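*Asks:* Single-letter residue listing:
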Amino acid sequence: MLVLLGAIIIELFIGGLPAFRKFGFGFLTSTDWDPVQEQYGAAVSIFGTVATAVLALLLSVPIAFGVAFYLTELAPQWLRRPVGTAIELLAAVPSIIFGMWGFFVIVPVMAQYIQPTVIDSIGELPVIGALFQGPPFGTGILTAALILAVMIIPFIAATMRDVFMAVPPVFKESAYGLGCTTWEVMRAIVIPYTRVSVMGGIMLGLGRALGETMAVTFVIGNTNRIATTLFGPGNTIASIVALEFPESEAGSLKLASLLALGFILFVISFIVLAISRMLLRPRLKG
Amino acid sequence: MSVSLTASHTGPAKNMKVAQRLSRSRKRSDTVVKILCYAATAIGLLLLASILATLLIRGFSGIGLSVLTEVTKPPGSHGGLLNAIVGSLIQTVVGVAIGTPIGLLVGTYLAEYAHGSVLGNAVRFVSDVLLSAPSILIGLFIYQLIVAPFGGFSGVAGCMALAVIVIPIVVRTTEDMLSLIPTAMREAAVALGAPKWKMIVLICYRAAKDGIVTGILLALARVAGETAPLLFTSLGNLNWSLSLTKPMSSLPVTIYQYAGSAFDDWVQLAWVGALLITFGVLALNIVARVVLRGGK
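Taken in sequence, the protein lines are chains A and B. Mapping of the first sequence onto this note's numbering: residues 1 to 286, in sequence order. Mapping of the second sequence onto this note's numbering: residues 287 to 582, in sequence order.
Honestly, the hints are just simulated from the structure, not real lab data. Among the hints, erroneous ones may be present.
Claimed, not checked - Here chain B is said to cover these stretches of chain A; the calculated rule only asks that three of the stretch's residues, wherever they fall, bring their Cβ under 8 Å from a Cβ of chain B:
| # | stretch |
| --- | --- |
| 1 | 157-171 |
| 2 | 199-205 |
To be verified - Some but not every residue of chain B turned toward chain A, in silico, with C-beta under 7 Å:
| # | residue |
| --- | --- |
| 3 | D316 |
| 4 | I321 |
| 5 | L322 |
| 6 | I329 |
| 7 | L332 |
| 8 | L342 |
| 9 | I343 |
| 10 | G511 |
| 11 | F565 |
| 12 | L568 |
This structure is a prediction, so every number in the text was calculated from the model and none was measured. The beta-carbon is built from N, C-alpha and C at its ideal position, and this holds for glycine as well.
Please model the entire structure based on the sequences and the hints provided.
*Replies:* Quick look at the structure:
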């Protein structure tokens with residue numbers, strides 16, 4: 001196992017070495033991606049990866065919390081298992097299916113209804129309006145974030161449900177005994193008790209969102225430009241690797257750059273997942 | 287305690303108006319949150335329903351015998367998905383067959399031998415990270431390790447990539463299931479004079495069988511739908527090929543190529559493939575759950 005992880009890191013690093021050597025630290029900050037002149041930079045993809053993942057978190061955390069709250073406190077006993085299973089099945093759907101679903105179902109809806117409406121209303125407002133500009137193609141950062149959010153809801157919800165369940169019933173019962181409403185029990189007892197683990201669950205979702213490939217590739221628009229609006233196209237590390245890989249020859253600088261991108265993605269997701277593990281481990285085991 | 291009780295009596299409760307308003311606002315916020323939670327759950331379920339409905343509507347009309355008997359063909363000539371389905375089956379099964387024993391052994395080590403040692407904790411941590419590591423990176427890794435040095439995409443490389451994904455899943459479930467076995471059972475075996483390996487193989491594996499099988503089924507379901515790692519390893523193949531040393535077709539990669547194409551009949555085939563794979567994966571998941579519940 002250890003050897004495997006070490007081998008993955010080393011192979012990606014060695015593969016990416018030519019790119020790191022040629023561009024130095026500029027690789028991280030350069031926004032170029034020009035196969036003709038052999039100029040490659042990672043800034044755009046890193047930005048797209050982080051932007052979509054964070055947006056996806058913002059969208060999915062409230063919903064996942066609602067689902068977990070429903071499953072632990074509100075749902076009648078006989079409904080808990082079927083609903084819980086259904087949410088977990090959502091996590092089992094292969095990512096390429098989310099991509100197709102997003103491309104053929106969500107993108108048209110975004111392009112025809114949501115984006116024009118939003119551009120005409122919120123887009124007119126000063127300051128925040130600038131985020132909602134651009135042609136309504138349907139694809140773009142926001143759509144990718146939406147799909148990612150759908151994909152990570154089950155992961156976050158399942159973790160939250162498990163840690164909520166781990167709260168000793170005595171705590172909750174005493175709060176109910178004092179006359180607290182369900183929401184007050186949640187806010188004053190369950191959330192403080194599980195705060196660390198909930199953060200761990202959210203980080204786990206973030207880790208998933210960062211590395212998601214197929215679904216994002218379908219809907220993000222795949223343009224190497226830092227999107228200034230939420231509807232603008234962009235790319236992520238995973239999507240650019242999936243798209244450009246078939247077009248790069250073995251041993252070329254382009255391939256090295258793609259492997260270097262993979263190395264960067266690995267470092268980012270390793271850090272996120274490591275944090276998530278550290279937050280989750282003690283509570284779930286104890 | 288008594289102090290705080292009397293304090294709350296002399297507090298807002300005296301003023302009935304304030305008390306009522308407070309109670310009303312507390313109940314209101316409770317109701318609002320509850321409604322939001324119901325809505326969130328409904329959204330989650332609707333999303334699943336929407337995906338399944340889309341697949342059924344778009345994919346069902348394309349299902350026919352030719353899907354299962356014809357190989358992929360150029361647009362306009364009524365091809366099927368036979369080579370993709372067979373390729374997927376081969377790579378998934380071989381991948382799981384390679385990954386399972388390794389995962390099983392690592393999981394056994396963690397549960398039975400590691401006992402909080404530094405090495406054990408490190409291995410557990412690495413396994414957990416690999417469990418959620420982006421699968422595209424595993425594809426890149428196998429490309430570097432196998433495809434590039436041995437000159438060419440191959441089914442073997444695809445199998446290896448899937449095996450790397452399988453290992454941490456099996457490790458996780460094996461360790462969890464073995465640690466659920468009561469210590470008394472182990473002690474009974476050891477007291478009878480059984481060596482440790484016999485205790486593990488004859489007692490622990492038998493007791494944890496259902497859980498381990500569940501893990502393998504879940505791993506099977508997970509890798510059956512993997513696309514990203516196969517793009518760089520087995521590449522996909524539009525012709526009939528069973529050779530593991532040549533590029534090999536697989537259902538997810540074919541879906542990826544067809545869904546993005548401009549030909550209606552290819553897109554239609556992609557939907558059929560998507561329908562097949564999703565229901566296959568979901569069925570595996572449900573079977574895994576039933577196995578687990580049957581064991582308890």
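*Asks:* None of the hints should be skipped; say for each whether it holds.
*Replies:* Verification of the hints:
| no. | hint | result |
| --- | --- | --- |
| 1 | 157-171 | violated (count 1) |
| 2 | 199-205 | violated (count 1) |
| 3 | D316 | holds (4 Å) |
| 4 | I321 | violated (10 Å) |
| 5 | L322 | holds (6 Å) |
| 6 | I329 | holds (6 Å) |
| 7 | L332 | violated (11 Å) |
| 8 | L342 | violated (12 Å) |
| 9 | I343 | violated (10 Å) |
| 10 | G511 | holds (3 Å) |
| 11 | F565 | violated (10 Å) |
| 12 | L568 | holds (6 Å) |
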